[in-house]
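Participant: Listed below are the residues making up each chain.
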Amino acid sequence: MPWLSLTVWLPIIGGLIVIALGDRRSRPLALGISVLTLLVSLPLYFGFDLSTPAMQFVERANWLPGFDIEYALGVDGIAMPLVILTTLINVVVVISMWEVIKDRPALYLGAFQIMTGLMVGVFSALDAILFYIFFEATLIPMFLIIGIWGGPRRVYATIKFFLYTFLGSVFMLIALIYLYRLGGSFAIEDMHQLAIAEKPQFWIFLAFFAAFAVKIPMWPVHTWLPDAHVEAPTAGSAVLAAIMLKMGGYGFLRFSLPIVPDASSQMDTFMIVISLIAVVYIGFVALVQRDMKKLIAYSSISHMGFVTLGIFIAFGLLQKGDISGVALGLEGAIVQMISHGFISAAMFLCVGVMYDRVHSREISAYGGVINTMPLFGAFMVFFAMANAGLPGTSGFVGEFMIILAGFRANFWIAFLAAMTLVLGAAYTLWMVKRVIFGEIGNDNVAALQDVNRREFWMLGSLAAFVLLLGLWPDLVGRVMHASVENLVSHISISKY
Amino acid sequence: MDSLSIAAPEVFLLTATCIVLVASLFTKANSHTVYWLSQASLVVTLLFAFGQTRAEPVVAYVGAYGIDNMSSTLKVWLIVVAIGVLLYSRDYLTGRRIARGEYFVLALFAISGMMIMVSSKHLLSVYLGLELLALSQYAMVALARDDADASEAAMKYFVLGALASGMLLYGMSMVYGATGSLELSGIRDAVVVGGAEGSVPARFGLTFLIVGIAFKLGAVPFHMWVPDVYEGAPTPVAMFIATAPKIAAFAMLIRLLVDALPALNSDWQAMLAILAALSVVVGNLVAIAQTNIKRMLAYSTISNVGFLLLGIVGATPEGYSAAMFYAITYAFTTLAAFGVLLALSRGTREDGSPFDAVMLDDLAGLARRNGLLAAVMMLAMISLAGVPPMVGFYAKLAVLRAVVDAGYTWLALIAVAMSVAGAFYYLRVIKLMYFDEPVVTTEIDTAGDVSAGLAINGLAVVVLGIFPSFIMAACLAAFA
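First to last, the sequence lines map onto chains W and C. With our numbering applied, the first sequence covers 1 to 496. With our numbering applied, the second sequence covers 1 to 480.
Pulled out of the complex, with its shape left as it was, chain C reads as follows (with noise of 0.2 Å):
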């Protein structure tokens, strides 16, 4: 292979940004040129990431970017969220005029940003691709300036994620301090044979490692700022921000612990360990009082979060996959369950402004106006609190069974415990909408495509979850 088409797939999608930015300038403010433009050049980028998956492992450009079984893998899937994510925005963005060709500009950007993430090898190509996410993101959070949450919740994200990546860089710092060395497979030799696993700035340099990902995963106590974003932001950036970058920011985990500092396991076992504990509790208990269903989504991806830790804590292959597979059906999950919420907020409300569906009670009797958008949903929480036969319960039996498997049987109970507790809130939306007497009786119809994609997405969550394997003989090989 030669080496430029290593990064095949991210020259294309860089190259078709450009050219999405170029064309978003001369198209008019009501057409949808940009989005299918944006959603070609995704399609033809997943076409190049599927060429991928069986390609040999294989480093480049002076170590600095590489692909393996977990990059094609995530790249993948990556894309398909990001595609569905595009999908189900398109139609509020068009409602809200909120600058639509900014957004799915940025949103390429993002995409572009974690792949990088996901294929470095290298810690300044992780910063970069993290950095690239993170600037367009606190950018789309910003889109509705008029509104002064979103733009309140812009400066929260942009000041606290600032200094999480600062934190993160410090920590890089420190680490190339012991070993001097900036590629991974070059950190891990040098801990390896070098004795630096005693060295003191190396250990230092791999706390602020885990401060800078806990803040960009949201776990406890790190996770401050994701209500606030998710309520704040416009919803389809809420949604951008709740799924594919849980996806990335798995992988840089996998990048800088696993990868680079597998000698320092112990230490960020037992980092990871009071994390995912305190995540998988706060999470899980304080989404119980929440009102707004944006914040309690914002909950349950802290909660589940801690999940995708608690695979990690067992520092085995097998717990690898198991998080993989959980960052990755959390991740088309949760898509579903915002894809129903923007194919709900239309219209107007009464004093004329926008309807946007944020209150738990905008979901009252929503089976019967629409039963598509409920039965998504109701999938999309079921599986959330991980009842089978959904593929949530398929993800957090993986996630369980390295736990017991790593002897943190304990944390294995707390967990559990606190799913019970999760189940509740995840409930009462199923109550809201099947139960209750709808407020406004209208019914809501939604388009053809995004109630394709909506139907496709709820029988994903099934239909995956009864046959999850091919996801998990992905995810198994990743770390084989």
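Bound conformation, chain W alone (with noise of 0.2 Å):
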């Protein structure tokens, strides 16, 4: 079966018939499609080859023969965990919009499942402009998402975001072109062969920095995404954080390392430098945010530091020899970036549990939540201990991986990554304590109803994987061992 193709095409029809049909069967048409789509991922899963570090369930069709550019899918052990990732956090997404989207409720339904099929897309696409194209289609629905359902202050929100991410990805567009024209094919596999002299590295290198950095999104080019976040309806962040912002990291592990090994290898000190301002600085912005989604965001943005301080440790580690822990550090990135996709996730989703009951995002309109809704407050500090890299959630797992990594590149290096522990713990925790803890703060809490079915089995399920992969992290890390050793085997040559 050509699974791949089935997990992209599936909820992109799927969406375009929800958005046909109309609003009134919407939402279990959605919810069967999004589930639907989960099940025929799963044997990307299940049927996963662990030993190889080769493409597995590649597909191949001409689609503009007379350009070279094929419609190639395919997956391996990095892209595979961020594809379920994908579908998984589909489905938790319909749920949680079931009662709650009241305005044209078909297109916002479908606008999702549409979305979900192009960001497949994108971590299976093994043609450059393939990859291009879903990249960017991606876009406009979180556009309309944004733009349509979103808060006050939306369309200045999704303008910038739109043309931020739109400004960085053309210019990959160019670089992927001129790589074309070095070898001829763009097959991302056979670019990844090609041999490039030192200075067209460094522009390609900035190009593809233009792109993902913006996307995943690095200080100092991250504004975009505290204003998207907070104007964005909440399944709408919840996607963005989720799974859009692990198109950047994806990008770099997929495009700049292994393209332009030698420039990343060149760059790498500036890379690490501005992802260690990310995780301390925006740590410290996150302190003093007075929005709880605009707190979030500042704190994915910080852990997504985490992610680029993986990847570009790596160089360091290369020549000191250490190839394990070049290893370790890639593999903290994505598990890192898997764990956010469930943390930021559950985090956005309270925080809409909490909107949808008071219509405030504000810390101080809240206060002792726990006393009128226990069961949602358990939820809401589990997850911030997640977020906070509590040992035992999956928070902790890539946190620590890429500390330990550090720690053998350059003590400072991790001294100031580890800083993270600390401050995620307090703007997190600061943040439960001022908003779940303490006596009832107003007359809106005290009206508070706890959370009904819907919402404990889309945040339980949320619960159930952070857990699951804080206590058996080889879930995901056995699968993707192959290719990052092939990575780090191919990183490690030269390519002038």
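Derived from the structure by calculation, the hints contain no laboratory data. In this text, all values refer to a predicted model and were calculated from it rather than measured experimentally. One or more of the hints may lead you astray.
What the hints assert, rightly or not - Some but not every residue of chain C turned toward chain W, in silico, with C-beta under 8 Å:
id	residue
1	I382
2	P388
3	P389
4	D405
5	S419
6	Y434
7	S469
Stated by the list, open to error - Chain C residues, not near chain W, derived (Cβ > 12 Å throughout):
id	residue
8	W36
9	G186
10	N265
11	S345
12	D361
13	F467
14	A477
The beta-carbon is built from N, C-alpha and C at its ideal position, and this holds for glycine as well.
Please assemble the complex out of the two chains, which come individually in their own frames, going by the hints.
Facilitator: What follows is the structure in structure tokens.
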């Protein structure tokens, strides 16, 4: 069976059908599509061959023969977990908007389904132009989701989101065309094998950097993210944080590192410095936020700083000959991406649960929520702990791996990175303290109803995944070993 | 193939146009007879043009006229776009009582002119086709004769257009003087064999030719007429000028530069590079400041012309195909955008004057008033912004590839940076339609065939973006 194509096209076509059939039956239909998509994506995990770094479930078809552009899909151990993450989050997100969305639900649900298919396409495209098409096309549904269903400043936020990411990625397009000119192929794996001189490598690195640093986002090109998150509807924020940001991290792993390893190696100090700035400085910024969504958005940037740190300490370790350290950092980055996908989605959904009741995201509008919503309070505290990197939750695993790898590279890198354990705990737990604990803050909180069954299952399933990955990280780890090893050996060879 | 059948589409269309002209004298003002006659003649012409797509390239009429892969493909698309133009214009013209018969007759004459331009193999037939097109357009802009803006636009267009035609003709005479031939193949041979590439008159002539072409295309700095004419002309006429003639102007560019003067390519490459860069920059930046949607689309045209020229800058067959693809897809995407504007322009304003959707704010909340129109407009805007998976992305990709291949990476960088600036004003249209609340809440109903046409047009923007192969194959074959 062409499982990958099914996972890409089922939600896209299903989403179009949802939109076409109108609002009345849109909810069960969208839920059915999302569950079905999850089901067809599961064979990717269970049928995965752990022993090979090669692309699996490969599908090829001539698409634009005149232009050497192929419809080629496939996943390796780096991409496959992200595909599963996407389809999982999609189901949770559909459940989260069940009765919340009242204005044009068919369009809303359909846009999310289409976006899911496109994001799976991003992670599974083997042709650079196909990748670019999916990468860019995801902007359109997200643009509409923020713009139509967002908050008061939605227009500003969504146009900023679109233009920022569009500006980043057009330069990548030029780089891809340039690479085609060098090697005569748009296949990503062929680009990995290209020998590229020093100067072009530098420029290509910058072009990729423009695309992926904006997407992930890195300091100082992160400013679109807090705006987009604050204005986006809850489900939009969840998908944006859980999956869209990962497209940036995935891009670094799939494009920057293997295609221009020498330039990446030269630029690694720069990348590490701005990653650390994201981890530490943005951590402090998160501390002073009064809006819960903004706080979680800044926390996302800080966590994504960890991902880029884990990726780019690889080169320092390589020079020391510490191959296992390189693999540790890279795998830490991937685990961190997956884990952050669950935790950030859960955090945004928690804020959404409160927002649906009180219609405020201000921390000061709450206080003592645990008294009226004990069950919800427990979930929120759990996810906050996970966000702060509590051992036993998935949030700990990735950060710990990256800090370990950091120690092997340079004490001070590890020291600064480890600051996040303090800072992350500070900003998340302080928020939880002010929102969840204490005396009942006002009448709104006194009138709160605890989570209903839908919300319970939505948060419960995410909690289960966070715990499962925290206790059994090898669940994700084992699928990526072969691919990461291959990546390490690939980037250790100069391409001059 | 006998010599008459080479020009069969043109001969048929001219004959049919004359019949339509006579018929328009005897039909009532509010009947659709003239419209249907015009559409029928276009459909039959389309069949003739289709019949030629597989024909062997041939030149006839003492080297003045011929068909080849490029001409037959372009003719098919010209006519398809023209059919759309007439379809979207009909209800507007009926409601406005703008001399309707004349609009259709002039449009048909203009289409004949464009077909002649596309097929010409001779300087005189190029000029003949161009003037047939241009004179019809001047008259079309002036159709709303009681409207001061339209009259001013027509005057401006006529004076500047005549000047540009003069430049073109002057350039042609120079080229003739340098090479001794009016046939494009004769000029090419003279320049290549006779060593005229070093001659000053040939280059002098080339410069004037480029000025003339740039004017007709609306490339910066010869673009000043474009926004004024789009704004002043009745919307159906602006739509006509914005779409099909760009395909014909592309053909003229290929005929004059690539077919006739390939030996002077280093000269015209540099000139086109400057024109392209200026057009992309000015078009996209100035469009941001516009509040009138027709002016905005005018600057959008200018920036798209810049992209089209980029394809030709590299002087490679792949680049020419990319530019050809660009011209075709630009034409039918812009057609959709204007089609939506025309569908919106119905009813009256508060003071009783007919309502024209010309300001951006007229689009506010369109998604709630008519979902189809908003969706089609959104697809057209996304495509013009060059975002995948729309056809506009593929057109830009093809052009950029040709530019990078030819070693003009800096031009490609300018172009993509400016297309991000351009995305802003295209997104603003989507923002108005989808994010803003409507000022007027009445629903908009459109005629069944117009809705169907717009739906097909919008779908084409997406579907041809995902499967562009068959147009691209035709474009590649044109320069194989």
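Participant: Next step is simple, just say for each hint if it's right about the structure.
Facilitator: Hint-by-hint comparison with the structure:
Hint status for C:I382: holds, given a least beta-carbon distance of 6 Å to chain W, under 8 Å. Because the smallest distance between the Cβ of C:P388 and any Cβ of chain W comes to about 4 Å, under 8 Å, the interface hint for this residue holds. Because the beta carbon of C:P389 sits about 5 Å from the nearest beta carbon in chain W, less than 8 Å, this interface hint is met. The restraint placing C:D405 at the interface with chain W holds, with a minimum CB-CB distance near 6 Å, inside the 8 Å limit.
The interface hint given for C:S419 is met, as the beta carbon of that residue sits about 7 Å from the closest beta carbon of chain W, less than 8 Å. Annotation: interface hint on C:Y434 holds; nearest CB of chain W at approximately 6 Å, less than 8 Å. For the restraint placing C:S469 at the interface with chain W, the shortest Cβ-Cβ distance is roughly 6 Å, inside the 8 Å limit, so the hint holds. Distance check on C:W36: its Cβ is at least 32 Å (rounded) from any Cβ of chain W, clearing the 12 Å threshold; non-interface status holds.
C:G186, annotated as away from the interface, keeps every beta carbon of chain W farther than 12 Å; the closest lies near 33 Å. No beta-carbon of chain W comes within 12 Å of the beta-carbon of C:N265; the shortest separation is about 20 Å. The claim that C:S345 is not at the interface with chain W holds, since no C-beta of that chain comes within 12 Å of its own (minimum 26 Å). With a least beta-carbon separation of about 14 Å from chain W, C:D361 lies farther than 12 Å from that chain, consistent with its non-interface assignment.
Under the 12 Å C-beta cut-off, the non-interface status given to C:F467 relative to chain W is violated; the minimum distance is some 8 Å. The beta carbon of C:A477 sits about 10 Å from the closest Cβ of chain W, which is not more than 12 Å, so the claim that it is off the interface is violated.
The structure fails hints 13 and 14 (numbered hints given earlier, in ascending order).
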